[in-house]
Amino acid sequence: MKGTGVSAGIGIGKMLLIEEHSLEYTPKQVDDAQAEKKRFKDAIDVFCKNTEAQAETMKKTVGEKEAEIMLGHISLVQDPFLLGEVDKLIDGGQCAEAAFESMCDMFIQIFSSADDDVTKQRAADVRDVKAGVLGLLLGINEIKLSEAPAGTVICVKELTPSMVAEINKENIVGIVTETGSTTSHSAILARVLEIPAVMSVPDIMKQAENGVQAIVDGIKGNVILSPGEAELAEYGEKREKYLKEKQELEKYRGKPTVSADGTGYELVCNIGKPDDAAKALEFDGEGVGLFRTEFLFMDKTSVPTEEEQFKEYKKAAMILKDKPLIIRTLDIGGDKDIPYLGLAKEENPFMGFRAIRYCLKNRGLFRTQLRAILRASAFGNISIMFPLITCVEEVREGKALVEELKAELRAEGIEFNEGIKVGIMTETAAAGIIADLLAKESDFFSIGTNDLTGYTMAADRGNSDVSYLYSALQPSVLRMIRAIITAARENNIPVGMCGEAAADPMMIPLLISFGLTEFSVSAPSVLKVRKCISCWTKEKADEIAEKVMALETAEDVKEYLSSVI
Amino acid sequence: MVSKVLTVPNAQGFHMRPASTFAGAMGKYPCNVTINFNGNNYNAKSTLNLIAACMKCGSEIELICDGDQENEALAEGAKMIEDGFGE
Numbered sequence: 000m001k002g003t004g005v006s007a008g009i010g011i012g013k014m015l016l017i018e019e020h021s022l023e024y025t026p027k028q029v030d031d032a033q034a035e036k037k038r039f040k041d042a043i044d045v046f047c048k049n050t051e052a053q054a055e056t057m058k059k060t061v062g063e064k065e066a067e068i069m070l071g072h073i074s075l076v077q078d079p080f081l082l083g084e085v086d087k088l089i090d091g092g093q094c095a096e097a098a099f100e101s102m103c104d105m106f107i108q109i110f111s112s113a114d115d116d117v118t119k120q121r122a123a124d125v126r127d128v129k130a131g132v133l134g135l136l137l138g139i140n141e142i143k144l145s146e147a148p149a150g151t152v153i154c155v156k157e158l159t160p161s162m163v164a165e166i167n168k169e170n171i172v173g174i175v176t177e178t179g180s181t182t183s184h185s186a187i188l189a190r191v192l193e194i195p196a197v198m199s200v201p202d203i204m205k206q207a208e209n210g211v212q213a214i215v216d217g218i219k220g221n222v223i224l225s226p227g228e229a230e231l232a233e234y235g236e237k238r239e240k241y242l243k244e245k246q247e248l249e250k251y252r253g254k255p256t257v258s259a260d261g262t263g264y265e266l267v268c269n270i271g272k273p274d275d276a277a278k279a280l281e282f283d284g285e286g287v288g289l290f291r292t293e294f295l296f297m298d299k300t301s302v303p304t305e306e307e308q309f310k311e312y313k314k315a316a317m318i319l320k321d322k323p324l325i326i327r328t329l330d331i332g333g334d335k336d337i338p339y340l341g342l343a344k345e346e347n348p349f350m351g352f353r354a355i356r357y358c359l360k361n362r363g364l365f366r367t368q369l370r371a372i373l374r375a376s377a378f379g380n381i382s383i384m385f386p387l388i389t390c391v392e393e394v395r396e397g398k399a400l401v402e403e404l405k406a407e408l409r410a411e412g413i414e415f416n417e418g419i420k421v422g423i424m425t426e427t428a429a430a431g432i433i434a435d436l437l438a439k440e441s442d443f444f445s446i447g448t449n450d451l452t453g454y455t456m457a458a459d460r461g462n463s464d465v466s467y468l469y470s471a472l473q474p475s476v477l478r479m480i481r482a483i484i485t486a487a488r489e490n491n492i493p494v495g496m497c498g499e500a501a502a503d504p505m506m507i508p509l510l511i512s513f514g515l516t517e518f519s520v521s522a523p524s525v526l527k528v529r530k531c532i533s534c535w536t537k538e539k540a541d542e543i544a545e546k547v548m549a550l551e552t553a554e555d556v557k558e559y560l561s562s563v564i
Numbered sequence: 000m001v002s003k004v005l006t007v008p009n010a011q012g013f014h015m016r017p018a019s020t021f022a023g024a025m026g027k028y029p030c031n032v033t034i035n036f037n038g039n040n041y042n043a044k045s046t047l048n049l050i051a052a053c054m055k056c057g058s059e060i061e062l063i064c065d066g067d068q069e070n071e072a073l074a075e076g077a078k079m080i081e082d083g084f085g086e
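Line by line, the protein sequences are chains S and D.
Quick note on numbering that gives the first Met the number 0: the first sequence kicks off at 0 and runs consecutively.
Quick note on numbering that gives the first Met the number 0: the second sequence kicks off at 0 and runs consecutively.
If you're looking for bench data, these hints aren't it; they were derived computationally from the structure.
We put the CB at the ideal spot given by N, CA and C, even for glycine.
Please note that the accuracy of each hint is not assured.
[Stated by the list, open to error] Quick list of in silico lysine-lysine cross-link-like pairs, DSBU-like style, CA-CA up to 30 Å:
id	chain 1	residue 1	chain 2	residue 2
1	S	530	S	245
2	D	3	S	119
3	S	250	S	219
4	D	55	S	313
5	S	272	S	360
6	S	439	S	420
7	S	245	S	64
8	S	360	D	55
9	D	3	S	299
10	S	310	D	3
11	S	119	S	156
12	S	299	D	78
13	S	119	S	313
14	S	36	D	27
15	S	40	D	27
16	S	48	D	27
17	S	314	D	78
18	S	59	S	322
19	S	310	D	55
20	S	168	S	64
21	D	78	S	310
22	S	299	S	344
23	D	27	S	129
24	S	119	D	27
25	S	530	S	219
26	S	313	S	398
27	D	55	S	129
28	S	240	S	254
29	S	59	S	48
30	S	58	D	27
31	D	55	S	314
32	S	537	S	245
[As the list claims (entries may be wrong)] Here are a few chain D residues that face chain S, going by a calculated C-beta distance under 7 Å:
id	residue
33	14
34	15
35	44
36	45
37	47
38	48
39	50
40	51
Make the full structure from the sequences, and use the hints.
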């Protein structure tokens, strides 16, 4: 059965179905309102005490931040408005169950119909709280997940944070749910606990039975019920392989990134939010090679203020301390629209008014962002990077603006890093061809292979009729990459790559041979890339690159690289 | 009655943590504390009300305190919002 894999790994065990308790009751008329209110208050007190205990356990098993979710539940049931309304309903003759349930349902309904995801997710918290308090009022004992035997696969409609708090990670080998997605609280918790999990499996509660054997493939997002001998053997092997690889990669944690002949490389991460900087460090990244700033501008109704942006950039810088943080200025347009900016619909947005072009024409917005970045540069190792550069003037104009703002800040007595580096994304065919000119204007290059491939091949990878052309292994793209790296080396500036190709094992020997100095990859790829780099010597990489660069088609390149890697 | 018009500055708006911290802080004051947003009044001592109001970053809101210690409540509440709940 297919679902969404939200926590990698493979678990094989016996299903434990966690049925939602029937929290049904017959609403009754209450005569002694005082006694009923006391019964309700007692239930709330017990709920808070239990939840506090769960939060304590969670602090140890999962983490401080995750435990805050449970503490939030306490603040929900102690809400004075909620308690006041429940008391009123009880005074009106309703029983505690009915009074509390109707108030919770009201908020579940309001939260679910909200137009933003954060509020929507809070409906799950209210449901969790409602079930907990009703269970106490009705005297129903919850299944204790903490007592589940070793080798248990939990199967449940919706995994709530309070359930996760009860999980003993030694005994639970997998999690399967009917609802939830990669971003839900419980998915995050499953990943922290390193338990393979598949969510959004339709009707799993009806299909599965208690005690039945199951395979949970959190990598592919599959669940196999009552597997046959062959499947068990196959997945048993996959599981071993996964764990072995993971263990193998762990050896590279905390180690420097060096090739087999001792050349050092920078291995950093691509992030989209300040908090992801912590994730980059968690996965042993050596800094951030690309901080996309679009998120700051999305889900907003107007341009974020300088103060607001400053706080976010500063936050990321403080997390990374002295490790590098390359902030890319706003890269909107193309497929990334921001409604309040009122960008006109274009015939051909990828060749239109986007990224640096938009920013240079909308100085107010650009100045605000650059000032915020400059101010944050006093708190860490920040560099500025301009996207979509196609000609020398764009770099000069951008840098002139940076200098102007520096003078402004100086005059205002505001601190910033005087020596802040300003580099560019080399992601267009134009930038590749004039890389030698651009290298004289820039402090560093970062090759964005996704756009570079698209613009060089004039092919949209989302269009299935032409996507066969879209490959970083095309001889044209490889020549472009080599030219960019060579130009950077000749001008003694660092050159990184922040596209997907930087983590591709087939690409890595070529990049080593060309002379790339920095690899910027997604956080989970860090250890894999470090291992891959450690396998190559310059000599061997040169040998392969020489052969590859003499090949005439992408197919030949792919075939040759597959045969040697 | 005293009031102040404010803009929600933090990226996530009144999500769980700010809402419960704010409601908790306002709960200490005897006066009524309400937030007027988009023409509706919300009980600012209630986490649930604050979340339900869906106030986002950039939302313009009016914080209204009425009763004993209304000036103190307004001062503390306005400062919390202006500081972006320390986020």
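Against the structure, the hints come out as follows:
A C-alpha spacing of about 12 Å is found between residue 530 (chain S) and residue 245 (chain S), which places the hinted pair at or below 30 Å, so the restraint holds. For the hint linking residue 3 (chain D) to residue 119 (chain S), the alpha-carbon distance of about 29 Å falls within 30 Å, and the restraint holds. As the CA atoms of residue 250 (chain S) and residue 219 (chain S) are separated by approximately 25 Å, the hinted pair is consistent with the 30 Å bound. A hinted pair counts as satisfied when its Cα atoms are at most 30 Å apart, and residue 55 (chain D) with residue 313 (chain S) qualifies at roughly 21 Å.
Taking the CA atoms of residue 272 (chain S) and residue 360 (chain S), the gap is near 26 Å; set against the 30 Å cutoff, the hint holds. For a cut-off of 30 Å, the pair hint linking residue 439 (chain S) to residue 420 (chain S) stands: about 13 Å separates their Cα positions. Using a Cα cut-off of 30 Å, the hinted pair residue 245 (chain S) and residue 64 (chain S) holds, with the two alpha carbons roughly 25 Å apart. Distance check on the hinted pair: residue 360 (chain S) and residue 55 (chain D) sit about 28 Å apart at the alpha-carbon level, within 30 Å; holds.
Of the pairs offered as hints, the one joining residue 3 (chain D) and residue 299 (chain S) holds, with about 23 Å between alpha carbons and a cut-off of 30 Å not exceeded. Between residue 310 (chain S) and residue 3 (chain D), the direct Cα distance comes to roughly 24 Å. Compliance with the 30 Å bound is thereby established for this hinted pair. A threshold of 30 Å between alpha carbons decides the hint, and for residue 119 (chain S) with residue 156 (chain S) the separation of about 18 Å falls inside it, so the pair holds. For the hint linking residue 299 (chain S) to residue 78 (chain D), the alpha-carbon distance of about 23 Å falls within 30 Å, and the restraint holds.
Only pairs whose Cα atoms come within 30 Å are accepted, and residue 119 (chain S) paired with residue 313 (chain S) is accepted, the gap being roughly 29 Å. Among the hinted pairs, residue 36 (chain S) with residue 27 (chain D) is consistent with the structure: their alpha-carbon atoms are about 23 Å apart, no more than 30 Å. Simply put, residue 40 (chain S) and residue 27 (chain D) have alpha-carbon atoms about 20 Å apart, close enough for the 30 Å limit, and the pair holds. For the hint linking residue 48 (chain S) to residue 27 (chain D), the alpha-carbon distance of about 22 Å falls within 30 Å, and the restraint holds.
For the suggested pair residue 314 (chain S) and residue 78 (chain D), the alpha carbons sit about 21 Å apart, so the restraint of at most 30 Å is met. The hinted pair formed by residue 59 (chain S) and residue 322 (chain S) meets the criterion: a straight-line CA distance of about 29 Å does not exceed 30 Å. For the given pair, residue 310 (chain S) sits about 17 Å from residue 55 (chain D) by alpha-carbon distance, which is consistent with the 30 Å threshold. Distance hint between residue 168 (chain S) and residue 64 (chain S) is fulfilled; the C-alpha atoms sit about 18 Å from each other, no more than 30 Å.
Proposed proximity of residue 78 (chain D) and residue 310 (chain S) is supported: the alpha carbons are some 17 Å apart, at most 30 Å. At roughly 20 Å between alpha-carbon atoms, residue 299 (chain S) and residue 344 (chain S) fall within 30 Å of each other, so this suggested pair holds. Between residue 27 (chain D) and residue 129 (chain S), the direct Cα distance comes to roughly 26 Å. Compliance with the 30 Å bound is thereby established for this hinted pair. As the CA atoms of residue 119 (chain S) and residue 27 (chain D) are separated by approximately 29 Å, the hinted pair is consistent with the 30 Å bound.
For the given pair, residue 530 (chain S) sits about 23 Å from residue 219 (chain S) by alpha-carbon distance, which is consistent with the 30 Å threshold. Note on residue 313 (chain S) and residue 398 (chain S): the hinted pairing holds, with a Cα-Cα distance of about 21 Å set against a maximum of 30 Å. About 26 Å separates the Cα atoms of residue 55 (chain D) and residue 129 (chain S), which keeps this hinted pair within 30 Å; it holds. With a C-alpha separation of about 23 Å, the suggested pairing of residue 240 (chain S) with residue 254 (chain S) holds against the 30 Å cut-off.
Of the pairs offered as hints, the one joining residue 59 (chain S) and residue 48 (chain S) holds, with about 17 Å between alpha carbons and a cut-off of 30 Å not exceeded. Restraint check for residue 58 (chain S) and residue 27 (chain D): the C-alpha separation of about 28 Å stays at or below 30 Å, so the hint holds. For the hint pairing residue 55 (chain D) with residue 314 (chain S), the CA-to-CA distance comes to about 20 Å; that is within 30 Å, so the pair holds. Of the pairs offered as hints, the one joining residue 537 (chain S) and residue 245 (chain S) holds, with about 27 Å between alpha carbons and a cut-off of 30 Å not exceeded.
Checking residue 14 (chain D) against chain S: minimum C-beta separation of about 5 Å stays under 7 Å; hint holds. Against a cut-off of 7 Å between C-beta atoms, the interface hint on residue 15 (chain D) holds, since the closest Cβ of chain S lies about 5 Å away. Because the beta carbon of residue 44 (chain D) sits about 5 Å from the nearest beta carbon in chain S, less than 7 Å, this interface hint is met. A cut of 7 Å between beta carbons decides the hint on residue 45 (chain D): the least distance to chain S is about 3 Å, and the hint holds.
A hinted interface residue such as residue 47 (chain D) counts as satisfied when its beta carbon comes closer than 7 Å to some beta carbon of chain S; here the least separation is about 5 Å, so the hint holds. A cut of 7 Å between beta carbons decides the hint on residue 48 (chain D): the least distance to chain S is about 5 Å, and the hint holds. At its closest, the beta carbon of residue 50 (chain D) sits 5 Å from a beta carbon of chain S; the interface hint therefore holds under the 7 Å criterion. Contact between residue 51 (chain D) and chain S, as hinted, is supported at the beta carbon level, the nearest pair being about 5 Å apart and thus within 7 Å.
Checked against the numbered hints listed earlier, the structure breaks none of them; every hint is satisfied.
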